[in-house]
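*Asks:* Residue strings, one per chain:
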Amino acid sequence: KAGVTQTPRYLIKTRGQQVTLSCSPISGHRSVSWYQQTPGQGLQFLFEYFSETQRNKGNFPGRFSGRQFSNSRSEMNVSTLELGDSALYLCASSLGAGSVETQYFGPGTRLLVL
Amino acid sequence: GENVGLHLPTLSVQESDNSIINCAYSNSASDYFIWYKQESGKGPQFIIDIRSNMDKRQGQRVTVLLNKTVKHLSLQIAATQPGDSAVYFCAETLYSGAGSYQLTFGKGTKLSVIP
Chain A
163 KAGVTQTPRY LIKTRGQQVT LSCSPISGHR SVSWYQQTPG QGLQFLFEYF
213 SETQRNKGNF PGRFSGRQFS NSRSEMNVST LELGDSALYL CASSLGAGSV
263 ETQYFGPGTR LLVL
Chain B
538 GENVGLHLPT LSVQESDNSI INCAYSNSAS DYFIWYKQES GKGPQFIIDI
588 RSNMDKRQGQ RVTVLLNKTV KHLSLQIAAT QPGDSAVYFC AETLYSGAGS
638 YQLTFGKGTK LSVIP
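Same order as they appear, the protein sequences are chains A and B.
Each residue of the first sequence is one higher than the one before, starting from 163 at the first, in the working numbering.
Each residue of the second sequence is one higher than the one before, starting from 538 at the first, in the working numbering.
Source of the hints: derived by calculation from the structure; they are not laboratory data.
Don't take each hint at face value.
[Said to hold, decoys possible] Now the stretches of chain B that chain A is said to cover, found in silico as 3 or more residues with beta-carbon under 8 Å: (1) 567 to 578; (2) 581 to 595; (3) 620 to 632; (4) 640 to 652.
Note that the coordinates shown come from a computational prediction; the quantities given were computed from them, not determined experimentally.
Note that the Cβ used here is the ideal one computed from N, Cα and C, for glycine as well.
Let the sequences and hints guide you as you build the complete structure.
*Replies:* Okay, here's the thing in structure tokens:
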């Protein structure tokens, strides 16, 4: 069974631009969660989507948004990029909503904002 | 590889020794805890979990201890191997019903195994 895949793996943007990251969950998984990882703040929870609905949300500004499609694939969007948005963005999938203990992480998308 | 190890405390252990990685969590109401392992260039990988009604749980070569009095978690790795070299995170979860939860991660510890 294929694991969680994220595209692109690396991305360079400039301040003020917007970016969309994509995550394909493990086949059969309906929940997708997004995380931001930086050296300074560590790993922080962004949000979780289940059945195309946002179920849980971390403490991030409204510039960070996401959506989930009917095939469970998810996208995360960051608008008006700031230098501090440079990070590794991780996606994790699980079978059901709130299934923190059975999450499988993808390799991440490394975003660099210049 | 990914620079997730920057600014992290580092624990260096000799191969075959035991390792103990510590984590202080923040919310006394948290009811579920997980330890993750993250190797360079990869996403975090689940190692072991423990619920707040337990104080110890054992897996294969790993043991997690939970001390709710001082809000402290530890991960013990027996007979540490070179393949155990990675960054280790703890995570605390507070469930609020109907699939809703608050998930917070520790900053992580970098474990380096000396062959």
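*Asks:* Each of the hints needs a verdict: does it hold here or not?
*Replies:* Going through the hints against the structure:
no. : hint       : verdict
1   : 567 to 578 : holds (count 3)
2   : 581 to 595 : holds (count 4)
3   : 620 to 632 : holds (count 4)
4   : 640 to 652 : holds (count 6)
Going down the numbered hints, you'll see the structure goes against none, and every one checks out.
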